[in-house]
Structure formats: structure tokens, C-alpha cells
Amino acid sequence: MAAPVRQGRVSLDVSLEKQLSSYNFAFTIADCGQRDMPIVYCSPQFEDLTGYKPDEVLGKNCRFLQGPETSRQQVMEIRDAIREDRSCEVCILNYREKFWNQFYLAPVVGREGTVQYYMGIQTDVTEIVHTARVSVDGAIDEYLPDAQDLEHAGNSGPLDGCSEVTLTEQQKALDLRGALLQWSASLQGEKRSRGGPEDVTLPCLPTSLLVPLLKVQQSFVLADPSLPDMPIVHASDCFLAMTGYPREQVVGRNCRFLQGPMTDLAEVARMREALHADPPRPVTVTLLNYKYDGTPFWNSLHVAPIRNASGTVVFFVGVQLDVTAETPATAAASQLPRASSDQLPSIDGIQPTNSGLDLGEAGKSISLPVAADLSARARINQRSVVGTVRMACRSLCAHASLRRSLEDQHQPGTPCANTPASGRSTASDGYFSRG
Amino acid sequence: MAPMYVSRVPSVYSLQQLEEDSLFPRKGVLSAPEKPVSELAGSLLPKLSFAARTGYKSKRVRSFGDLQRVPDIDDYSWPSVSSDEESSEGTVPSLAAQPAEAGISLLDMVLLAEWEDRAEQDLFRYDVTACPTKLVPGPYGFVAQFNEGRGSKKRPTEFRIDQVCQPFDDKKFNFTKALQKEVLFQFEEGLSSGKQAYAASALVPASPNLVFINVSPIEYGHVLLVPRVLDKISQVVDPRTLLLALEFCHEADNPYFRLCYNSLGAYATVNHLHFQAYYLSAPFAVERAPTAEVMMGLKRRRGEVRISQLAEYPVRGLVFEAGSSLAEMADVVGEACQRLQKANIPHNLFVVDCGQRVFLFPNAFAEAKANNLVPEDLLDSQVDPAGFEISGHLILKRQQDYDNITQDWVWRLLSYASLSAEGFADFAKLALDC
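The listed protein sequences correspond, in order, to chains A and B.
Numbering-wise, full-length UniProt numbering puts 390 at position 390 of the first sequence, and it's gapless, one number per residue.
Numbering-wise, full-length UniProt numbering puts 108 at position 108 of the second sequence, and it's gapless, one number per residue.
Chain A on its own, in the form it takes in the complex (with noise of 0.2 Å):
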């Protein structure tokens, strides 16, 4: 669970899921280490509630509650709370048919410190909301003929029926957030028992960052210059399946194991010196590089210093483009040698060194005689990893981030402020202490 992004839709598992719908209200319960936070449970009570059926619901973000009037402050407030690892309770307008919901979320914080799932509350204040705007605005507001126009109501602060509705909705919360704990521990016990990697010492990107990089449906990895040997500290799905490489094999390792025999050094120098330069550059080299079977493949890597809110370069992020098939027949991959095992740097064998893009032995090397002639998609493609991950880190900064302090975090004036922030600050994280 170190490594917290898994691969595939992940459902929980049976035991938990009856244990879960023992409970008898509405809720959702949303995987943050999966792309675009997908729901992966939800209570008969929510079926009821909303008139989704589980198969239409699980794999999806709950966005879908939303429509055409649906406040997009409210929908903001629940933003910031998932950007600020802590709970929210709005009154927001949701459909199929549509309800006024009093929502409450809530993160479940994971052993690492960082959130992994979020629990959504819901229940249906209609009536209290109703009942609110009818005494609110009576018979002289002559602007709204719609009787189900009622978006203000939700906007201009607590109602009082609502207010209760979230007391009962955070011990809700409590409970289930308990139980969800209880499986976690238990998983990793299980993993632990099975012999599976001990992983807890893996580095552990925040969950507001991870949730950016997982929409990034391309290949690349972070490395963080600030720890020995230059790590990857974060590879893409994408990453993983150009390359073959499982996540465990790369996730804490110097990204040289995929340069082998073939791999000319000449070009890995370049990148080298960009990198060490001061202040460092972006560099794009094309090198040989071998998959995880031994299988050669041209590699277009544009590599970028990161840099964080305080302006301190963090990580380096590497985006690969497969260009076998744009190279020319005389250097086509296909014809080189595959690697063996014993050519490829091992994960054991490899000797940690300081300069980061050290290539240890290599036989003799190959170059492009033509550069890879990138297509415009491929460029767009490759530098707007490189601007997607910029956005996502310059939010990141020396204390707390560019995100409130727990005390601040609430709107002003909303049932917000009563809200305790469950979700634990985040402070002690590497990415957010440096700079």
C-alpha cells in the first residue's frame, strides 16, 4: 500500500464489503491511488437515494451527482478539501432526479500519512431546504416563478435542520472510517505474511500531488535529486507497461536499468551535464534502452528540473516516447541484439553513486545517425507531461504547501467551520519540507 497507486480497476474485497453494508445509510467510498478518484463501494442506501445502480456508480467519479445548477462554489468547496487532504460538508444540489444533499466528506488517512480513500455522506434535505426557502423569501420574491429554483438557499449559510443532519453524518463517518482502517491494517498484515515486499520504506508522494500525476495517461517517472543515487520516486502506469518493468522494480531505483549494452554513452553524458548544470536544464536525448525481457527500443527522453513553490528544484521528471518505429532501417531496434538478463544492471548489482545518470559497463554503444524526428503530437505530448507536472509541484512549498493551515482550513461564514479537519496535516512530507 506504499506505493499507492494501483493498476486496474480495484473493487474491495468481499469481506469488507459485508461488513460495509451493514450499514444502513448512504454513502460512497472513493480510492484516491486509482486515476480520478473512482468510486469503489457504495450502500444499497445510496442506490435508493440517487437511483444508481451499482454497475452504472462503481469505476466512476462522483462528479456525476452534479448538473446544470448545481452551485460550482459548492463544488469548489468539496475541491479544496480533497486539494487540502480533509473533510467538507456542503449542501449541494445533485440529480438523477434532483435532491438537495447534505454531503459530508471525509478522508481515510492511510499508516503513510497520506489519504487513501474518501468516504461521501449524502443525505436528502430537500424538504428542510424547501420548507427554508419558502420562510426565507415568501411571497415577494416575484424573480423566481420557478418553484424548484433553489440555489441560494444551499449558498447563503447553514440551515438549522441541516446542521443536525451533519452531526449524525460525521459519527457516520467515524464509524466507517474505522472499519476501513481495520482493513487496511489487515492487508498489509497479509502481505507481510505472504512474503510480498516489505514496501512501508518506499518513497510516498502526497496524495494532492498524486492525484494530479495520475491523470497524465503518458509515460514518466520522478526522480528526487535530494536522496542518494537519484531515485524514482513516481513511474506512470504508462511507464510501466512501455517498459515491462514491474512498479516494485522501479519505484526507489536510478532509472539507468534501462540502459544496457548498446546504449551509447555519449548521449547519457549530454543528459548529464544538462542536469548538473547550475542552474539545470531540460535536456531530450535519444538513447537505446531495453525492456524489462531484454527487448531493445529508441527511446525519445526529455528530462526537466522541477521545481517546487519556493523555487527549489525537487524532482527531475524523465518522459519517455517509444520512437522504434520512426527510426531509420539501419537502426531499427528490431535488428539489434536483445539483452540478457546478466547485460542489464540488476536490481542488486547496481552500485549506488552520487552522479545520479552513472552508466557502470557498457559494450559498445549505438547512436541514431538521424535524430528521431519527432511528430508534432509526439512533442505536444511529451512537453505537456513536463508542464502538467510543473503546475502540479509549484503548488507544492516549504511548510505547508500552497494550502491552508489546518486552523484556516474552513470557509468563512459556511457549516465548514464547524467541521473538525480530520485529515492530519501533511507537513511532515518530504516534498512539502524542503526548499
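Simulated from the structure, these hints should not be mistaken for lab results.
Glycine included, each C-beta is placed from N, C-alpha and C at the ideal position.
It cannot be assumed that every hint is accurate.
[Stated by the list, open to error] Covered stretches of chain B, as calculated for chain A (at least 3 residues, CB under 8 Å):
hint: 1; region: 136-145
hint: 2; region: 281-290
hint: 3; region: 352-364
The hints should help you fit chain B onto chain A, whose structure is shown.
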């Protein structure tokens, strides 16, 4: 209010034609990077086309159409953005059907990639990601940035600022004088195909909508959208140009991408119609501010556009929320701006939530400054509150201001941009034509 119909921005060349014409290279190229934009004729520039929305007009009947998430789960297909095949036309397949919160929109991809490319070419005056930024402690979460380079290196303001409407002056700096390499892409409405598309290289129409880099960026991805650049429109917004700006936000489909318009007198520094936009991965303080119903006597709705006002924020302003039509939003807000232009009231627009929420601020800071009402300690910071500053992003030129910034200080500074309660009431009546 009579519905106002917005005509489409004309596209001279069919995208279809361009895609099929093998004469055009597939690589993203600027054919004349060193030439000024005024000599665009015959040049090739990348082009991003957004979906033409047929029947996209003010509607009486609600349609769960283009704009907002339809509460029907079947719409959530999960197309893969990273399909490796490039279509034979050299365009990126449409991503229009994709909820971008799941992935990254085509506009985001192109904008970020081209911006990164210009950064590698060293076209910016400084690396904005090396400028420290932080949150100002407090519930509103104002964002502060320390940026020494921006003030001294910026193109100078060369015109009087006490008139909201001034004629376009060819002799002063305008975007036709910028170099073509500062252009990232054309932003045009597509034809009837109804899909978003990117052409790496396309001939420019007579007067294209261009997206420029801001060489003095205040955040990553800072760009300028200049509608119909060769028409040389002065810095006044109307429903049609505002619609283009809203479409731009809509296509970005990224809640952290916001757009702003400053009128003359409200710290616009170039009298050539432009909108500014950039990415900031945090909410702006104004997005967190509570809103309240507009004062008695004012309509809370125009068609489907909901109107409210900011409560508990240092600068008074109106808040517009779109229904199902951006065009209707552009009409309501654009016409409000036109009334302010007539009345010579400096104003700022701040667009969030992918074009669906717009803040309109009357800006009285320059006037307060001219009347010596702004205290010395605030003036010393040299912060002139334009749209982004008012909305919660403060760029500070002096280290001590950055180090010592507090929410109270920001509040005090911004409050000088605000109208009084009475003044705001008059403003709202005028802007909303009541």
C-alpha cells in the same frame, strides 16, 4: 432582456481542407517566427479548433447540452488520450467527449506543451517557477509571489489611464508588434464537425484569434488571448469577444486555469483587446468568499444566468453563474461591461470554473490613488490591484513585503479598490440595467 444572438467567428479555411492538404508539414512549425504578427499573412501557425455549437444561443428551454456535466452516467466514456497512433491528418483526435477532470484537455496539452517549448527557447524574461510563492495565513488563502523581475522588465505603460475607452493607437505597443514566435496557437471555432481538433500547422485567416505567451508571466502557463488580432480592437470587451474568452476557459476544462480582463483605468497596460489566463493549482481567495443575494430590486436571474454579489470580501463585486449556455453568460456580462465603458467606470473580470462563473469588480484603486487616499505603506509595495490581484493573487516586488505579508495587509490594500456600499449599489443598478 431580449436574447442577443452571437454570430460565429468566421473561419476562412476549412479544417478539413487543411488536414488533407499534404502541402502543409505535419510538424508544429511557425513559418516565420522572427516576423511581427502584423506580417501574418501567409504564415503557418498551429491551430486549436473548438467545437462549433449549433443552436448555441440563449434558450428558454433548459437543455442538458454542452456546458455542464449531464447527470447521466453513460456520458462518461473513458477514452484513452495516449493512443499512440497519430491520425493520418496530423491532428489529435477529439477529446471533446472526455471529462477533463479524468484526464487532460486538448487545450491544456497544447498550451502547456507550447509554453514549455517557448521556455526552452528562452523567450521569457525569467523562470516564473523559480519565483517563490506561498499562502498568506488566514481562512481566505490569498496567494503571494515574490517576483523581482516583473516590474522592472515589463513593457512600459504608455498611455493615460483615466479613460476606460480610448482609441487604438498604432504607434504604441500592441500585439501586432509582437513576434510570431510569441504566438502559441490560433484559437478558432471549428466548422460543423463539432469536434475539438489540433492542427500542427494551419494557414491563418484574415484576422485570427491568437494565444500569445506573456513574456513577463505571473504564473506558469501565463498566456494572452487576443481576439481577431489584426482588427486592432481597443481594450473594451463586448459579448462576442467575451464569448471567445469563455470558450477558451471552457475548452481548457481545468478548474485551476483562470482568465482575467482588465479595462483601462483598472490596470490594463496595453490598449489592444486581450484576456490574460494562467494556471494556479490553488483556489483564488475570491472563489472561497461567501456570496449573498443581490440587493433588493435587482434581478437574481437573467435567463439562466444567476446573479449574486460577494459578501465578506475586501472588494465588492457581482458574481455571475452560467446556466446551460456560455453565450447567454457572455451576453449578460458583456453588456454589463459595455454599460460600464459608457459610464467610464474602470472594471475587472475574473473567470473561473471553466467559464461558468464570472466575477465583475468595479475598480476604484487608481482613483483612490489619484486622490491620495491610499496610505504610504501600501503604495510603497507598488502593488496595483488588477483582476488577478483583486481575486487573491498578489505579486510582490520587495522581499520585505513578501516575508511580512498578512491577510489583514492584503485586505487593507484591496479594500482601496472597492466601491463603498452606496457606490456599489449604484454600480450594480447601472451594470445590470435596472
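These are the hints, each one checked on the structure:
1. Coverage of the region 136-145 of chain B by chain A holds [criterion: at least 3 residues with CB-CB distance below 8 Å; count 6].
2. Against chain A, the region 281-290 of chain B contributes 7 residues with a C-beta closer than 8 Å to a partner C-beta. That satisfies the three-residue criterion, and the hint holds.
3. Coverage of a stretch by a chain is defined here by at least three residues with a beta carbon nearer than 8 Å to that chain's beta carbons; for the region 352-364 of chain B and chain A the count is 4, and the condition holds.
Every hint from the earlier list agrees with this structure, and none is contradicted.
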